[in-house]
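Protein chains: 2
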Amino acid sequence: MRRPAVGGHGKGVAMASDGKTRIVVLGGGFAGVHAARALRRRLGADAEVTLINATNHFVFQPFLPEVAGGLINASDAVSPLRALLPGVRVRVAEVHGVDFEAKTVTVVQGMKRRPIPEPYDHLAIALGLGADLSGVPGMADHAYPIKSLADAHRLRNRVITCLEHADVTQDRELKRRLLNFVVIGAGFSGIEVAGELRELIDGALRYYPRIDRAEVGVHVLEFAPRILNELPESLASYAQARLEARGVSIRCGVAAKSLHARRLRLSNGETIESETVVATIGAAPHALVAALPLPNDRGRIRVDRSLRVEGRDDVWALGDAALIPLKDAPRDRADWAPPTAQFAVREARLLGDNVAAALAGAPLKPFAYASKGSMASLGGRRAVATVFGLRLSGFAAWLLWKAFYLSFLPGVATRVRVLVNWLLAAVLPRNAVQIDQSAARAARTVHFNAGDQVFEPGMISRAFYVILTGAFELTIEENRARRTLRLGPGEHFGERVILGEGERTGSVRVLEDSTVLRIEREDFERFAQGFAPLRDYFDRHLATRLPEDAPGAEAVALRSAG
Amino acid sequence: MRRPAVGGHGKGVAMASDGKTRIVVLGGGFAGVHAARALRRRLGADAEVTLINATNHFVFQPFLPEVAGGLINASDAVSPLRALLPGVRVRVAEVHGVDFEAKTVTVVQGMKRRPIPEPYDHLAIALGLGADLSGVPGMADHAYPIKSLADAHRLRNRVITCLEHADVTQDRELKRRLLNFVVIGAGFSGIEVAGELRELIDGALRYYPRIDRAEVGVHVLEFAPRILNELPESLASYAQARLEARGVSIRCGVAAKSLHARRLRLSNGETIESETVVATIGAAPHALVAALPLPNDRGRIRVDRSLRVEGRDDVWALGDAALIPLKDAPRDRADWAPPTAQFAVREARLLGDNVAAALAGAPLKPFAYASKGSMASLGGRRAVATVFGLRLSGFAAWLLWKAFYLSFLPGVATRVRVLVNWLLAAVLPRNAVQIDQSAARAARTVHFNAGDQVFEPGMISRAFYVILTGAFELTIEENRARRTLRLGPGEHFGERVILGEGERTGSVRVLEDSTVLRIEREDFERFAQGFAPLRDYFDRHLATRLPEDAPGAEAVALRSAG
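Respectively, the protein sequence lines represent chains H and V.
502 is the number that the working numbering gives to position 500 of the first sequence; each next residue is one higher, with no gaps.
323 is the number that the working numbering gives to position 321 of the second sequence; each next residue is one higher, with no gaps.
Derived by calculation from the structure, the hints in this document are not laboratory data.
Take these hints with a grain of salt, some might be off.
Any copy will do: because identical chains look the same in the list, a pair fits if it lies in one copy or spans two.
[As the list claims (entries may be wrong)] DMTMM-like mimics (lysine to aspartate or glutamate), calculated; alpha carbons at most 25 Å apart, straight line:
1) K329 / D306
2) K22 / D454
3) K367 / E524
4) K22 / E235
5) K177 / D134
6) K404 / D515
7) K177 / D123
8) K367 / D315
9) K105 / D214
10) K374 / E217
11) K259 / E514
12) K404 / D123
13) K149 / E475
14) K177 / D515
15) K374 / E475
16) K374 / D515
17) K22 / E175
18) K177 / E527
19) K105 / D538
20) K105 / E312
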């Protein structure tokens with residue numbers, strides 16, 4: 003996750019408004035989408051509602067385990083934001099920072115990745131939570147998270163890949179590791195993932211004659227004394243018994259200590275050998291939320307019961323990113339709204355009312371809502387639930403779970419599509435296809451034409467470039483002077499932005515038809531920092547000041563050794 | 003594509019057979035899958051039929067344009083090979099080479115990537131065609147191919163990404179480039195892709211208010227004087243008129259000369275600015291087929307009418323990889339079986355019969371088949387077709403096209419799934435969701451535990467490793483002597499295998515818990531060859547002979563500068 007910059011874009015904000023109030027919503031999860039809808043409905047034509055999100059779709063998080071399990075297609079767990087939000091301006095962009103004084107959000111968007119200011123009159127922050135696995139050494143590098151659609155897809159492919167390899171290997175140790183699947187965390191997500199993985203594997207095994215079902219292990223590890231802490235104990239016990247009967251082993255009171263390439267170390271000194279460890283733990287503040295100068299409590303933004311951020315009258319927060327008191331009580335005895343979709347949707351409705359009230363000078367209403375219940379799917383057409391005080395389990399709970407989630411889905415098309423695929427899944431075998439996800443290479447050859455502009459001033463570099471053939475012109479603006487350098491084969495650019503001082507003002511233009519080797523920012527960064535000969539080279543290189551030559555002079559210092 | 007090695011694994015072949023005849027089929031396309039089925043059916047329990055393919059699924063190539071167009075899900079264009087081939091042994095592996103004397107195929111498979119011999123009594127080669135875009139400079143780097151499922155998925159995401167960016171950019175030039183989509187080649191694949199892209203875009207545009215339909219260009223370029231050379235001219239004209247009416251511009255008699263980052267140069271001197279160029283041209287021999295010492299004609303293996311490879315009695319070829327005469331005539335007046343699914347399926351049936359006949363000592367039958375017709379979808383519920391001499395076009399042809407393809411699909415589950423999704427697509431809007439495909443990074447930190455084995459002798463290295471913390475032991479077998487080197491932080495391994503002499507005999511063991519920076523083979527290779535400071539470093543490094551020390555001695559020469 004990119005570290006966002008805060009502030010500094012007060013000047014030069016392009017005026018948008020045709021007199022309309024500009025409401026900007028950050029985040030396209032349950033809270034953000036429903037907030038944008040509520041604002042649109044409440045404020046009508048008097049306001050321009052803009053929703054900014056990193057992807058162009060809403061991800062239905064509770065469905066990710068089913069995607070991982072191959073029960074539904076990846077596209078059935080998402081819905082295009084624009085289709086869900088008629089009348090709302092949707093911007094697909096990364097939020098780079100917020101300037102609360104200038105009332106501007108800075109976003110980075112599009113092909114050019116240039117910071118663009120987005121002014122607001124009211125700002126609603128609904129960025130949700132991030133994930134931080136850094137507490138357990140090796141976890142961030144080796145575990146499979148299940149936060150995004152791509153994660154779910156990757157996990158499903160991983161499981162199929164392990165079965166493929168296990169079916170052919172002659173190495174007993176390797177086979178055992180390949181067939182050991184570990185899920186860390188036994189909240190809703192962990193339990194549902196474990197249940198779905200077991201289903202996926204059991205369904206696929208008939209195609210892998212050399213794997214015996216008894217050789218496959220699906221393990222859930224939970225640090226708390228029991229699973230599904232959000233549910234009453236009797237339901238959690240039932241869920242555990244069901245899962246264990248289906249071959250999921252569950253251990254509570256044990257934490258992960260470290261994860262090396264193939265070995266998970268536990269807090270009790272034991273180790274588990276596994277090629278596939280799924281991490282459903284590590285909820286942490288969203289990186290931007292953590293960086294904003296707003297009052298927060300363990301990473302959640304402090305708001306009053308009207309959802310207004312403490313000390314601000316034009317900034318609001320809701321959903322998982324906000325710490326919302328449920329009653330008027332001193333902080334140490336307060337009750338907080340839980341981070342669930344059910345609450346997020348209610349908060350979003352209140353936000354619409356309260357922003358409208360604030361604009362009209364009317365009094366704000368406090369948030370009040372009591373949960374109607376909760377449920378967890380266990381895979382294999384079983385679930386557990388508490389609804390309106392009733393406890394349900396088994397097949398009836400599963401049907402309820404399905405219906406509940408279906409009704410929660412925004413968009414009729416998605417609802418129909420998901421329903422049909424569920425019905426199909428009931429009669430058809432699961433799809434055990436391994437889909438190659440290989441993306442573009444990190445290092446690749448790119449061609450440019452004379453006259454092309456590679457960088458314009460203010461662009462944020464995403465790569466390091468080595469010139470193979472041709473010529474480029476680098477223009478640097480420094481202390482109001484402009485200097486121009488010509489770069490030829492063997493020389494390179496982009497490294498100062500990545501390894502040095504970050505964003506800077508300069509541009510690169512193509513002088514002749516050229517070929518360059520382009521290396522993705524993150525990969526270049528890691529290699530240049532981790533490999534001594536490269537590190538030494540760039541240390542020396544960056545220490546060399548840019549020459550103070552007249553415009554057009556060739557810069558020897560910028561040349562590479564070759 | 004990896005360059006395959008040929009021969010050299012004659013010794014030490016593990017005996018499989020329990021007396022059964024071993025038939026190995028290479029390739030899991032139409033020809034390979036139907037051949038394995040036919041062999042299984044004809045030979046029953048007397049033979050072990052093995053199919054070797056690089057993926058665990060069959061890809062229904064004619065559906066890829068529909069995946070690219072978002073009409074059907076990626077998983078509906080594929081079917082797991084094991085589900086399609088009960089009784090057939092399916093190996094998911096890369097074919098590394100064939101030793102025709104030792105009657106052994108060498109495959110590389112699994113986590114360990116060690117070459118494994120697979121002995122055969124009869125071998126059927128059905129590897130299809132590869133693609134080679136090297137004839138047009140820049141094409142291989144910048145164009146979007148549409149050969150694999152991942153390609154189709156990537157193209158669809160690319161189109162949505164262009165719409166996203168075009169909707170927000172202030173730069174008119176950029177917007178024009180983003181909204182220009184070019185398809186090179188007007189065969190079945192090119193025409194279907196162009197039709198589907200137009201459908202996808204037209205359906206999505208209502209969500210992008212700042213894009214006018216007139217701003218979007220979908221262009222097809224064809225070198226031949228007309229499109230759809232495989233169809234009669236009248237049908238091709240109808241297809242062209244239909245596509246043009248829907249806003250696809252088609253130009254024949256023009257070829258691509260070069261493709262630089264954003265500019266396509268044509269043979270007539272014109273240029274087209276586009277961010278998305280789809281290449282459906284460049285059919286070329288499969289890399290392995292090209293490398294095998296078999297008689298071939300422009301990359302297709304020469305077989306007689308019985309499908310037996312000329313000069314061999316235990317090697318057969320079929321499908322697009324084979325050049326199959328349709329009548330007994332001198333080569334210069336021969337008629338060849340066209341590379342279509344329809345012919346491949348017929349060839350596969352004959353292969354089953356002829357292998358059985360060869361095993362029984364009976365005479366072989368010659369291949370004879372006349373096409374029953376052909377068709378092409380145009381998107382927008384229109385198609386063109388010739389069937390049993392009849393010419394059809396429009397909606398009726400489209401229904402026929404659907405029914406034909408559905409009947410061709412192997413596997414009932416896939417048939418039902420595809421049918422249902424087609425029906426859904428008729429009533430629901432297309433899914434314009436952008437799915438993040440970012441794969442694992444090329445450079446990443448990896449942990450190892452003491453005692454782990456990183457390489458075993460004979461493994462094929464997939465990465466370059468820099469040691470960050472910990473210690474490793476490198477063992478090299480050379481001239482029957484074994485030498486051991488200890489490597490510590492700052493030192494590295496894997497580079498000799500990648501930059502030097504390829505496969506070699508050595509192993510790497512982990513001495514202490516360690517952290518390394520791992521860089522994917524292809525990316526490392528490109529960076530180390532393209533960036534002079536790295537190239538110089540490795541040139542010097544590889545020139546240094548390994549020290550002739552006693553076992554256990556530390557090797558100064560292997561140490562990096564840091």
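The hints, checked one at a time:
1. K329 / D306: within (10 Å within a copy, 86 Å between copies)
2. K22 / D454: Cα proximity of K22 and D454: none, with 39 Å in one copy and 64 Å across.
3. K367 / E524: neither (46 Å within a copy, 59 Å between copies)
4. K22 / E235: Answer is neither: 52 Å inside a copy and 58 Å across each miss the 25 Å cutoff.
5. K177 / D134: neither (30 Å within a copy, 38 Å between copies)
6. K404 / D515: neither (58 Å within a copy, 46 Å between copies)
7. K177 / D123: neither (59 Å within a copy, 29 Å between copies)
8. K367 / D315: within (14 Å within a copy, 86 Å between copies)
9. K105 / D214: neither (62 Å within a copy, 32 Å between copies)
10. K374 / E217: neither (41 Å within a copy, 50 Å between copies)
11. K259 / E514: between (55 Å within a copy, 18 Å between copies)
12. K404 / D123: Neither. Shortest intra-copy (40 Å) and inter-copy (53 Å) distances fail the 25 Å Cα cut-off.
13. K149 / E475: neither (42 Å within a copy, 38 Å between copies)
14. K177 / D515: Between. Shortest inter-copy distance 23 Å satisfies the 25 Å Cα cut-off; intra-copy 52 Å does not.
15. K374 / E475: So K374 and E475 fail the 25 Å test inside a copy (64 Å) and across (60 Å) alike.
16. K374 / D515: So K374 and D515 fail the 25 Å test inside a copy (65 Å) and across (50 Å) alike.
17. K22 / E175: neither (66 Å within a copy, 30 Å between copies)
18. K177 / E527: neither (35 Å within a copy, 31 Å between copies)
19. K105 / D538: neither (43 Å within a copy, 52 Å between copies)
20. K105 / E312: within (16 Å within a copy, 77 Å between copies)
Violated hints for the displayed structure, listed by number in ascending order: 2, 3, 4, 5, 6, 7, 9, 10, 12, 13, 15, 16, 17, 18, 19.
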